[in-house]
Amino acid sequence: MGLAVIINLAAEGDAAFNEDFTNILLDGLLVAGILPIVTMALATSSFGNELEDKTLGFLALMPVARWRIVLPKVLASLVICGPLLVASGVVATLLGFDGEVRPAVAVAVALSAGVLAYAAIFTWLGLVTTRALPFALVYVLLWEGVISTFMSGVDYLSVRGYSLAIMSGLDEARFPALEDRVIELPAAIGGAAIVTVVFLLLGVRRLQRMDVP
Amino acid sequence: MSESQVPIQAPTINVQGVSKWFGSVVAVNDVSFQVRPGITGLLGPNGAGKSTILHMITGKASASEGEVTVLGQAPRNNPELYRDIGVMSEHEAVYGFYTGREFVEFTARLHGLDPIAAPVDRAIGLVGLEDAQHRKLGTYSRGMRQRMRLAAALVHDPQVLVLDEPLNGTDPRQRLDFHDTMTNLAEQGRTILISSHILEEVETLASTILLMVSGKLAAAGDFRAIREKLDEQAYRVRVVTDSPRKMAAALVGTDGIDSVSIGEEGELTVLSRNVTSLQRSIPRLAQEQGIRLKRVEPLDDSLESIFSYVVDR
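Chains A and B, in that order, give the protein sequences. Numbered according to the working numbering, the first sequence spans residues 1159 to 1371. Numbered according to the working numbering, the second sequence spans residues -10 to 302.
I should point out that these hints are in silico values taken from the structure, not numbers from a laboratory. Honestly, I wouldn't trust all of these hints.
On the chain B side, residues computed to face chain A include the following (Cβ under 10 Å) [claimed, not checked]:
(1) Thr58
(2) Gln62
(3) Gly75
(4) Leu99
(5) Thr193
Since the structure is predicted, the reported quantities are computational estimates derived from the model, not experimental observations. A virtual CB, placed ideally from N, CA and C, is assigned to each residue, including glycine.
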């Protein structure tokens, strides 16, 4: 939020501010940094503690469909991380754009979609390996950070790409800096939805097939 | 009871040619057995593969080879089957922030029971923890936690009970209560499979035993017959006393003692083919003769050595 104010004061005109605000704060800091890292920290450990203290074994012995165990874990990450990330993004956007609601809504929707997709990915990863956090960190830094920045086609397979495209698609006027480098809005929404559902199903499948300690 | 209840004495658990390996380690090797209503003890030393077998029976682990059925159904990926199975795992998987009653209520809800008050009261009553039910699980002794976990395993009135080392941490009084509870449940036609690495625990509880050693089923059947065979094997105990020659003389004249030798430092090595008799004779003789026992320790340190003859036969 403070950074939004600083950028606002430092920028010499609307165009310069828009570009700096979008590239530095929304993309560089929030979407590429805070969003995946905060979600990663929570979602990778959502099953970790239960695997460690063996309470997952207790849950696995209940007559409960496996999706009813995995889905609440993903939603819990959304409920805990979502408000925190969305609130900071929305307040920063409101500060940056003089209280305009539309870009703030665009940021809120984009961040929510990002949290949900990341939560599904990292929850699955937490079931696959006990070293989910380092693997997630490598994925975020390499795939979402470096590769998706320099390889345009990767945007179709990048949660960061989906988030930026949703942001841009919902308010093209306020995020012109993203216009030339993001995928189409329908593709971004579809991609985020597919990633979320696929990794949810992978999580359910993993829970069905793994040997529960 | 559910519709899936099988006729009395038909096998409720069927393990057929089951193996389980983790990489190059074979935990269970081509094991087959059936479990019928009543109490069956799964006996073997630590690391024999008991828990692995129980994990496959309860569907927590897949078999690398072979087939497991419970009440005629494969337990793997079959959550609905848990309506008829009560499981108490070896690990103390409890939520310490719950009170004992809340934990049992939580289990009842997961089983879809409605209303839950009566079955929760009944389950807690069965384990005799009414007075402590409103205390946090984190404040319980290990034995109390075991009993409340047993209540959770019983809350949905399952037809099949699988209990992995249920008597860990319990005191003699609790063991007697557990014995009575299990006997009552067995008399109602339930199938109860109890694992233990302690011979005496299973001896007093189960009429049928499955004996596992090194991932293999070493013996199965009537407990007394297997016990008699076990007693045929020589069992060595080292006895250190303040009067080794006096103790040796007393032991030599005792039934069930095959030989007694005195070592260079005065320690006795006693060979017996009757473990139970040996365990009782040594302290009795010491008391009668006024001998001070400094140390009594089995030289065949684990059950594995006792069972080795069964495997090698």
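For each hint, the structure was consulted:
Checking Thr58 of chain B against chain A: minimum C-beta separation of about 17 Å lies over 10 Å; hint violated. A distance limit of 10 Å between C-beta atoms decides the matter here; for Gln62 of chain B the minimum to chain A is near 12 Å, and the interface restraint is violated. Of the supplied interface hints, the one on Gly75 of chain B holds, with its beta-carbon coming within about 9 Å of a beta-carbon of chain A, less than 10 Å. Taken as an interface hint, Leu99 of chain B checks out: its beta carbon lies about 4 Å from the nearest beta carbon of chain A, inside 10 Å.
Because the beta carbon of Thr193 of chain B sits about 27 Å from the nearest beta carbon in chain A, more than 10 Å, this interface hint is broken.
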